[in-house]
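Listed below, chain by chain, are the residues.
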Amino acid sequence: MARMKFLCDADRCIECNACVTACKNEHEVPWGINRRRVVTINDGKPGERSVSMACMHCTDAPCAAVCPVSCFYTTVDAVVLHSKDLCIGCGYCFYACPFGAPQYPKVGNFGSRGKMDKCTYCAGGPEADFSTAEYEKYGRNRLAEGKLPLCAEMCSTKSLLAGDGDIIASIYKERVMKRGYGSGAWGWKTAYKETISV
Amino acid sequence: MNTWFKSLVALLALAFVASTPVAAQNNNFNPTKEAVKEEQLLNALKSGERLTGRISIPDENAASLIQPAGQEWRVFHQQKLPIIGGVAILGMLALLAVFYVVRGRIRIDGGFSGVTITRFASLDRFTHWLTAGCFIVLALSGLNLSFGRMLILPFFGPETFATLTALGKLAHNYLSFPFMFGIALMFVIWVRDNIPNKLDLEWIKQGGGLIFKDKHPPAKRFNAGQKVVFWIVMGGGVVMSVSGWFLLFPYQAQGGVSELQLWTTIHALLAVLFVAAMFAHAYIGSVGMEGAFDAMGNGEVDLNWAKEHHALWVEEEQAKGKAPAIPPRAMPAE
Numbered sequence: 001m002a003r004m005k006f007l008c009d010a011d012r013c014i015e016c017n018a019c020v021t022a023c024k025n026e027h028e029v030p031w032g033i034n035r036r037r038v039v040t041i042n043d044g045k046p047g048e049r050s051v052s053m054a055c056m057h058c059t060d061a062p063c064a065a066v067c068p069v070s071c072f073y074t075t076v077d078a079v080v081l082h083s084k085d086l087c088i089g090c091g092y093c094f095y096a097c098p099f100g101a102p103q104y105p106k107v108g109n110f111g112s113r114g115k116m117d118k119c120t121y122c123a124g125g126p127e128a129d130f131s132t133a134e135y136e137k138y139g140r141n142r143l144a145e146g147k148l149p150l151c152a153e154m155c156s157t158k159s160l161l162a163g164d165g166d167i168i169a170s171i172y173k174e175r176v177m178k179r180g181y182g183s184g185a186w187g188w189k190t191a192y193k194e195t196i197s198v
Numbered sequence: 001m002n003t004w005f006k007s008l009v010a011l012l013a014l015a016f017v018a019s020t021p022v023a024a025q026n027n028n029f030n031p032t033k034e035a036v037k038e039e040q041l042l043n044a045l046k047s048g049e050r051l052t053g054r055i056s057i058p059d060e061n062a063a064s065l066i067q068p069a070g071q072e073w074r075v076f077h078q079q080k081l082p083i084i085g086g087v088a089i090l091g092m093l094a095l096l097a098v099f100y101v102v103r104g105r106i107r108i109d110g111g112f113s114g115v116t117i118t119r120f121a122s123l124d125r126f127t128h129w130l131t132a133g134c135f136i137v138l139a140l141s142g143l144n145l146s147f148g149r150m151l152i153l154p155f156f157g158p159e160t161f162a163t164l165t166a167l168g169k170l171a172h173n174y175l176s177f178p179f180m181f182g183i184a185l186m187f188v189i190w191v192r193d194n195i196p197n198k199l200d201l202e203w204i205k206q207g208g209g210l211i212f213k214d215k216h217p218p219a220k221r222f223n224a225g226q227k228v229v230f231w232i233v234m235g236g237g238v239v240m241s242v243s244g245w246f247l248l249f250p251y252q253a254q255g256g257v258s259e260l261q262l263w264t265t266i267h268a269l270l271a272v273l274f275v276a277a278m279f280a281h282a283y284i285g286s287v288g289m290e291g292a293f294d295a296m297g298n299g300e301v302d303l304n305w306a307k308e309h310h311a312l313w314v315e316e317e318q319a320k321g322k323a324p325a326i327p328p329r330a331m332p333a334e
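Line by line, the protein sequences are chains A and B. Heads up: the first sequence begins at 1 in my numbering, then just goes up one per residue. Heads up: the second sequence begins at 1 in my numbering, then just goes up one per residue.
Okay, chain A solo, but in the shape it has when bound (with noise of 0.2 Å):
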């Protein structure tokens, strides 16, 4: 059974923010919600890296460990949704993720936080898969259809890669051994907690 991850080439990727047009566009995400957002770390500096960030979809999830409501559940591919219907919107989530993927409209009483949202990996959520439900909240599933998720698909430099994790740190592997060093694969140790050997 495939395992699903994500892996950011942080030596490939050049901040175009294809991956982050890409999901937001195809889920409608909401004004304000940023599924995926790409960080820039020593900009214009030596060494300037770019990563692009969204949920890991960690093995042993802080955030499916610390929900009030237990509404996050992890599916047969490894990738971690969640469930809006039962989600108060505490906010626990988000204080737990060492990636800061959770996040939340502002509509809940005192204008603070509504339902969560998140990468959903290009999953869907609970709901029947294709329906408008599942659309409505949790944006297209992909997954259901054989696909990858969108921002890998768009990525301009194929630095973004997502798929089975043995299949993509092969990939990942050729490209350190071809170029003689590699950044690490920004998050898989904190997301999957192991790492790539090269």
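Hints may contain errors.
[Said to hold, decoys possible] Taking CB as the label site, the calculated pair distances span:
#1 Ile-136(B) - Met-1(A): 46 to 52 Å
#2 Gly-157(B) - Thr-75(A): 18 to 24 Å
#3 Met-1(A) - Gly-157(B): 42 to 48 Å
#4 Gly-157(B) - Pro-105(A): 25 to 31 Å
These are computed hints drawn from the structure, not numbers from a lab. Don't be surprised by glycine CBs; every beta carbon is placed ideally from N, CA and C.
Put chain B on the given structure of chain A with help from the hints.
Relative to the frame of chain A, chain B by itself:
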């Protein structure tokens, strides 16, 4: 001559180039190769720091690349808090049970006299019950957020539990305002009688009437134990209100996720201690002491109860002409 001159110039040029710092640097430093390594960067972070960069999104909070403090917060919330909460709350309940078994209900030694004295006016009682009522709902809904998944969810379906929790969260958010108002009001009406003084030391030395059966240490309107409760409620209430304020309006917290983790930690820790303290207060005001509940129940307490537990206050009230004199047939136990 020309050839010799040219070679000399070439040699000098080579020497010049070779000796400059630029040439030396190029051999050792490759900025592309000194690339980001997750391990390295995480080690460089101090506790609570986030790794941030530049983003094109206006929201500054999105600039964080990784915040390892989230893992620590998870450990606190899932492991440390349940232990601290369990020890505090269950420990307090166990302590009260043991106290009840050993010491029993504190009786009025002289028996009920049948004559009452006004202890708390309507404003006092209103303030107390406003704050206490809000506190109970706040405590239950709050404890549910921290422990409900472990203790209550197994008995209800996920939909029912989520609905209950959502309603609880709404109640928690809205009732916090009357609670804060009640705390402020309590401070205004009772702070004068809750200033600690030497009489309280004497009361404590005599065991406060809790430990030794026949002692009735002197006390004015509020004894030392009640003053402790007052200041716990004031201090706890203020800290819960301030920390809770930032949880009500999370986008006002300038420090982003790190600040919110701090406020949540303070709020949760203090909550369990506060609840444990209030169990003790509720115990002594109801089951623990005969005749005590009337004080807040209808405001009128039995005169014998008042003389045994707040003798100096009774004298003050009698001097003001507000209290009935001792009826001849009801004699104090001494």
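Could you check the structure against the hints above and give me the numbers of any it violates, in ascending order? 3
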